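Chemist: One-letter residues, chain by chain:
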Amino acid sequence: AQKITQTQPGMFVQEKEAVTLDCTYDTSDQSYGLFWYKQPSSGEMIFLIYQGSYDEQNATEGRYSLNFQKARKSANLVISASQLGDSAMYFCAMRGYSGGGADGLTFGKGTHLIIQP
Amino acid sequence: DSGVTQTPKHLITATGQRVTLRCSPRSGDLSVYWYQQSLDQGLQFLIQYYNGEERAKGNILERFSAQQFPDLHSELNLSSLELGDSALYFCASNLGGGLGTEAFFGQGTRLTVV
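Here the protein sequences line up with chains G and F, keeping their order.
Position in the first sequence (first residue = 1) + 476 = my numbering.
Position in the second sequence (first residue = 1) + 5 = my numbering.
Please keep in mind that the hints were generated in silico from the structure rather than gathered at the bench.
If you're wondering where the values come from, they're calculated on a predicted model, not measured in any experiment.
Cβ coordinates follow ideal geometry from the N, Cα and C atoms, glycine included.
Careful, some of the hints might be misleading.
Have a look at the derived ranges for each label pair, beta carbon to beta carbon [said to hold, decoys possible]: (1) Glu80/F to Ala547/G: 42 to 48 Å; (2) Asn534/G to Leu88/F: 41 to 47 Å; (3) Glu491/G to Asp76/F: 28 to 34 Å; (4) Arg23/F to Arg539/G: 43 to 49 Å; (5) Glu537/G to Ile17/F: 36 to 42 Å; (6) Ser556/G to Ala19/F: 46 to 52 Å.
Listed next, the in silico DSS-like pairs over lysine-lysine satisfying Cα-Cα at most 30 Å (straight line) [as the list claims (entries may be wrong)]: (7) Lys585/G to Lys62/F; (8) Lys546/G to Lys492/G; (9) Lys549/G to Lys62/F.
If we strip away everything but chain G, and leave its shape as in the complex, we get:
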C-alpha cells in the first residue's frame, strides 16, 4: 500500500517569497512516480511537476522544483518567487504499479497555500 503525508494543512506566505511544501511518502514499490497538483478555488486539478523514483536529478518546471530525497522518502515542492495566483490547495501524489500496469494516483490531504500581498 502507498501512503502520502502532507503535514502542513495551511500556510501563509508573503508575495515574492519562496515556499516549500512538504511531502513524505511510503511505498514498498521499487519503481514509482511522484506528482504535485494544484487545485485553485475553481476546483480543477492542474498538474505541476513529476519526479520518477530513478531520476537522479531533481525535477524543475519553471518556478516549480521538486526536492527529492529518496532515502528520506520526501518529495517537497519548492515554489520560487511566489505570486498571488499561487494561492490554492496543493496535493502531493504518487503512482506505483499494480498487476496490470501503472496504478491510479494516491493523494495526500493537501496544503492550503495563501499568498499575501
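Since the structure of chain G is provided, determine the placement of chain F on it from the hints.
Modeler: Just chain F now, with coordinates in the frame of chain G:
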C-alpha cells in the same frame, strides 16, 4: 482546458437514487481514471480503465460501477446513493502505461445527495 470533458457539472439527487456521470477523455488517450474528492476522505482513486478493460481498482464501493465504451468515453454509475456519497467526482485521462504519464483532469462533477 485539459481536454477532458465531464458531464454534468452539478447534480443534485435524493438518497436511494442512481446517477450516471460521464467522461470524455482527451483525444488519443486510452486510459481513464475516476477519483472521488470529499471533505472526509480527501482525494481517492476509484477505478481505472484502459482501452475498454478494467485495469486497476481503488477504494470503489460495491454500489459504484464504471465502464469504458468502444469510443473510449467512460461512465461512472452510482446507485443506492447515501448522503456520504456527496462529493466532487473527477475523471482523468492519459495515454496509459508509464509511471510518469501525467493524468489530465476534467473539471469534475459535483454530486449532492439530499
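Chemist: Name the hints, by number, that the structure is in violation of.
Modeler: 3
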